[in-house]
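Starting from the given sequences, assemble the full structure and let the hints guide the process.
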Amino acid sequence: MKVLVALKRVADPDNANKIKIPPSGEKIDTAGLEWKLNPFDDYALETALRLTENGKNPKARLGEVVVVTLGPKECETTLRAALATGADRAIRVEATDEELDGRIVAAALKTIIAEEKPDLVLMGKQAVDGDNNQVGQSVAELLDWPMATFAATITEEAGAVVVGREVDGGVLTLKLGLPAVVTVDLRIVAPTSVYSAQTDRAHKYAEGVRFAALPAIMAAKKKPLVVKPLAEVAGGMSRTAHYSKFEPPPQRKAGVKVQDVAELVAKLAGEAKVI
Amino acid sequence: MADVLVIAELSDGKVRKTTLSAITFAREAAPLLGGGFSILVLGAGAKAAAAELTGFGAAKVYACDDPSLAQYTAEHFAPTAAAVGKSFGVVVATASSFGKDLLPRVAARLDAAYAGDCSAVSGEGGKLVYKRPMFAGNAFGYCTLSTPLQVVTVRQSEFAPAAPSGGASPVEDVAKAAPGAAAGRVQFVSLEQVKSARPELGDASVIVAGGRALKERFNELLEPLADTLGAAIGASRAACDAGYAPGDYQVGQTGKIVAPKLYFAIGISGAIQHIAGMKGSKTIVAINKDSEAPIFQLSDYGLVADLFQVVPELTAALKAKKAAG
Chain R
1 MKVLVALKRV ADPDNANKIK IPPSGEKIDT AGLEWKLNPF DDYALETALR
51 LTENGKNPKA RLGEVVVVTL GPKECETTLR AALATGADRA IRVEATDEEL
101 DGRIVAAALK TIIAEEKPDL VLMGKQAVDG DNNQVGQSVA ELLDWPMATF
151 AATITEEAGA VVVGREVDGG VLTLKLGLPA VVTVDLRIVA PTSVYSAQTD
201 RAHKYAEGVR FAALPAIMAA KKKPLVVKPL AEVAGGMSRT AHYSKFEPPP
251 QRKAGVKVQD VAELVAKLAG EAKVI
Chain L
1001 MADVLVIAEL SDGKVRKTTL SAITFAREAA PLLGGGFSIL VLGAGAKAAA
1051 AELTGFGAAK VYACDDPSLA QYTAEHFAPT AAAVGKSFGV VVATASSFGK
1101 DLLPRVAARL DAAYAGDCSA VSGEGGKLVY KRPMFAGNAF GYCTLSTPLQ
1151 VVTVRQSEFA PAAPSGGASP VEDVAKAAPG AAAGRVQFVS LEQVKSARPE
1201 LGDASVIVAG GRALKERFNE LLEPLADTLG AAIGASRAAC DAGYAPGDYQ
1251 VGQTGKIVAP KLYFAIGISG AIQHIAGMKG SKTIVAINKD SEAPIFQLSD
1301 YGLVADLFQV VPELTAALKA KKAAG
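Chains as they are written, first to last, in the working numbering: chain R, 1 to 275; chain L, 1001 to 1325.
I should point out that these hints are in silico values taken from the structure, not numbers from a laboratory.
Just so it is clear, the structure is predicted and the values come from calculations on it, not from any experiment.
Mixed in with the good hints there might be a few duds.
[As the list claims (entries may be wrong)] FRET-style restraints, in silico, Cβ to Cβ:
| no. | chain 1 | residue 1 | chain 2 | residue 2 | range |
| --- | --- | --- | --- | --- | --- |
| 1 | R | H203 | L | A1323 | 51 to 57 angstroms |
| 2 | R | E271 | L | A1070 | 45 to 51 angstroms |
| 3 | R | Q251 | L | K1321 | 19 to 25 angstroms |
| 4 | R | A31 | L | A1323 | 53 to 59 angstroms |
| 5 | R | K117 | L | T1147 | 39 to 45 angstroms |
| 6 | R | A266 | L | S1146 | 51 to 57 angstroms |
| 7 | R | P58 | L | P1312 | 42 to 48 angstroms |
[To be verified] Where chain R lies over chain L, by a calculated footprint (3+ residues, C-beta under 8 angstroms):
| no. | region |
| --- | --- |
| 8 | 1115 to 1126 |
| 9 | 1302 to 1311 |
Virtual Cβ for every residue (Gly too), placed ideally from N, Cα, C.
Structure below.
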């Protein structure tokens, strides 16, 4: 199987509470925060690797994984890290963050996917900076491909994937004929979430994503990485989502500590009047 | 002048309560555009469900009642949603798993700009300005879209469910638009619904949420408390990951975003991603044995105590209070 994974780097989500917004509200300042791969895209990459191997013998690659990102040159760090983890090739679309919005990213990915002709396109369900949750669905529509969002499980079958989606109140299972687009949720990296056609259904993966070994990091420097201009893949488009202002959320103040259950119940009934 | 189209959500042939939040958005946004709003109901049995929505002041309630729409898939729903939506200025649905799945697909089909999970709307110079949470709720952005047609989803917890306003909107049948190749390659296999007598997390006015600290006693401790309060049960990501709670209990940036009247965080330390999902709650109670837990920085009432002792005590105290009336 050939899998294309779309990746985005984001300001360190574990320290997202340290972003700064100047009083003018003109921008979100992420200075001082490390760039990290969007965690959901990290899970998508792990999913792609699992789908292109036999889980019992992950060293033998049984398919191809192409990683794609849009952004400035520094984003190649993200791509090289993905190549070190096991992806085979990388594509970067040269663009500034200011030029991009979800609609343009979807159009650019559509062009690249049409050229690359993967069997499956994977990405995170959303990037944890913009939190829009837009690109996967939009790419699927532009390609006229079936899709499954919020995937918690993927099993490869002949010419298809069976995907368990996390939806309100339960799990919805779809079977998608390939090629298709799948966006992944966090439980996709559980030990029994992803099975390629070759992986024994009794196989259990280690929880979470794999890490690159040092020799792989060295070898990744030699893996192919091509750069395409934005105009070539999303010609003539300019952004249509504009942010005029940002503001921090209202701060909640720490309340009071109560001594025991009796005091808590008394406060909830008498003061907050919520019970 | 432009009108707003609300995409209704059905569950078992009935209108889901989520739809009422999108109607509230439409009631706020339409006057800002100098227009009105209509509603589109898609699904098998849409015609009957449409009758539930004729009393909300919509110009029209469109019903696309087609047996091939019995199970929701975006590939079958998007073409009709787009065909009806294209004569509107704004297409909206609530950001449930249905709305979040379908609407970006509709946006792409209409070449429309998209704003997801909006928490408020205002007008500026005849254009809509959407307030959106970003960076796990650590920032709000004010977003305008410059395509003639715009597609948005709105946060259920920020738009109160619309109440009927009387009147009788006419119901108009619409034919299902021809689906594309994508629809031929998607097959519904199953829906495993978690049937519960408790309210859904998105709808609940009281939520009892537990963390990993509850361990295997998660259900044993929280279920009686939730039942006493008529509450939904939520969980931190850590509790879900550890298998103490099912995945769909998860509250947080990566789970459900909730804003109940009363939220109990029990054994939840208060990781950023959890706080992003519940900090809109009106009253927050935190119970944790670690007095330094970050959750205490935003809770209205904090109790530093051993969960295994105080949760049953709390359940008993609330039961006694209820019995006393």
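Output the numbers, in ascending order, of every earlier hint that fails for this structure. 3 and 5
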